[in-house]
Structure formats: C-alpha cells, structure tokens
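Undergrad: Spelled out, the chains give:
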Amino acid sequence: KAGVTQTPRYLIKTRGQQVTLSCSPISGHRSVSWYQQTPGQGLQFLFEYFSETQRNKGNFPGRFSGRQFSNSRSEMNVSTLELGDSALYLCASSLSRKPDYGYTFGSGTRLTVV
Amino acid sequence: AQSVAQPEDQVNVAEGNPLTVKCTYSVSGNPYLFWYVQYPNRGLQFLLKYITGDNLVKGSYGFEAEFNKSQTSFHLKKPSALVSDSALYFCAVRVNSLSYNTDKLIFGTGTRLQVFP
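For the protein sequence lines, the chains are Y and U, in the order given.
Just so you know, the numbering used here puts the end of the first sequence at 123, numbered straight through with nothing missing.
Just so you know, the numbering used here puts the end of the second sequence at 130, numbered straight through with nothing missing.
Honestly, the hints are just simulated from the structure, not real lab data.
Treat the hints with care, as some may be off.
To be verified - To give an idea of the interface, some chain U residues facing chain Y are shown, with a C-beta separation under 10 angstroms as derived from the structure:
| hint | residue |
| --- | --- |
| 1 | Tyr-49 |
| 2 | Leu-57 |
| 3 | Gln-58 |
| 4 | Phe-59 |
| 5 | Ile-64 |
| 6 | Ile-119 |
| 7 | Gly-123 |
Cβ coordinates follow ideal geometry from the N, Cα and C atoms, glycine included.
Construct all of the structure, not just a fragment, from the sequences and the given hints.
TA: Structural data, given as structure tokens:
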C-alpha cells in the first residue's frame, strides 16, 4: 500500500513569504503529526491532528499552523518566513493514538528560506 | 521532563563486526520506545519498537534492541554490520497521555553510524 506522501519535496522561499506543505497519510490512518528537523535543534514536534482536530502542539510560534481534512490529509502553513525556518519538515501518520501503534514517516519537504 | 539521550554523535565500526548504538531514556510511566533510521535526503524509516514483553526486540534488516528497565536503556544492536547500514539512527520515546491529550514522539539527537569496508 502507498506510504505517507509529502508534497512538494523541495521548496525555496523568500524571507517574509508564506508556505503550505501537504501530507497524505497512509489510507486508514487518522493521526497525522508534523516534525521539524534541523541540524541545530534535531527533530522537534510541531503538532498532531486526529479526526480533524489539533490535539497538541509543540513549542513553536503562532506563525506555524496546520489543519486536517475529513480524508485525514493534512497541511501545515508557515507565515512570514524567517531564515531559521529552513528545515526538513516531516509528516508521520499512525493508525491509532494507542502507544503500541507506530508512526510511519514520509520522505519530508525540504524548505529553504533565502 | 521526558527525554531521550544518545550519548554518541558517531559510531564507527568495521564491516562484519557487531555494532551497538546507545540510547537512554527518562519517562514517567511505561516507556514506549522506537528506533528509526534516516538515509540522506530521506524521511525516517521504522526499525523496531518496544511496548511490552520480551526485553530483546527484533526488527528490520537484522537489527535488534535490548530494553533494560533498571538502566533505562534501549540500545540498538546488530551482530554483523554492513556498509549499507551507514546512516543516521534515532531513538525515540512515544509520550502518550490521553488524559492530557498528548501523543507525540520525543527524539534523541541522533547517532551517525559509519561502517567501513
């Protein structure tokens, strides 16, 4: 079956612009989470969505937002981009919020802010 | 606070030799532990997990991990390393508290494994 699909794979944006990243989870998975990966900070939790509701959010400014649609697809948006937002953004999906279910990650979107 | 530590930034090992990548954790309650591997310009691939049961967990590509509750460790091991195992390895703990509406992974800083021919 198809894995977690993230689009686009690469993005170059200018400081001050906004960007929207997309994630299609594995069919049947209802939980979608987003992580930011940078060389300096490592992997940081952004937010988690389940049944179209944001269930929890990491320690990121309000410029970072997201949503989940009825088909479980998710988007994350970053407004007023800063150079420090350059990162690999990873989406992960899970069948359930039960801890014995693992997460499957997508290949990520590499965002470069210039 | 709940956390994961990977004390080694890099591990070097010769092909054919056993490898160990270390991970220690600090959580309240039962630990749900995971290992992921990341190849260049790719996402994270699941290797194995410990939820409950046997302390020795077997995973993908010949990897295994040993859960040690007294030492709060979850070290990744492989009896015979391959050059193709060279990658970045992440240990993670799943923090799951439905009462606090929390469900997320906390990752270690990663360990780069280099296997030399």
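Undergrad: With reference to the structure, classify each hint as holding or not holding.
TA: Against the structure, the hints:
Taken as an interface hint, U:Tyr-49 checks out: its beta carbon lies about 7 angstroms from the nearest beta carbon of chain Y, inside 10 angstroms. Interface hint at U:Leu-57: satisfied, since its Cβ lies 4 angstroms from the closest Cβ of chain Y, which is below the 10 angstroms cut-off. Hint on U:Gln-58 holds. Least Cβ distance to chain Y is approximately 7 angstroms, under the 10 angstroms limit. Hint status for U:Phe-59 relative to chain Y: holds, with the closest Cβ pair at about 6 angstroms, below 10 angstroms.
Using the Cβ-Cβ criterion of 10 angstroms, the hint placing U:Ile-64 at the interface with chain Y is satisfied: the shortest such distance is roughly 4 angstroms. Hint on U:Ile-119 holds. Least Cβ distance to chain Y is approximately 7 angstroms, under the 10 angstroms limit. With a cut of 10 angstroms, the hint placing U:Gly-123 at the interface with chain Y holds, because the nearest CB-to-CB distance is about 6 angstroms.
Checked against the numbered hints above, the structure violates none of them.
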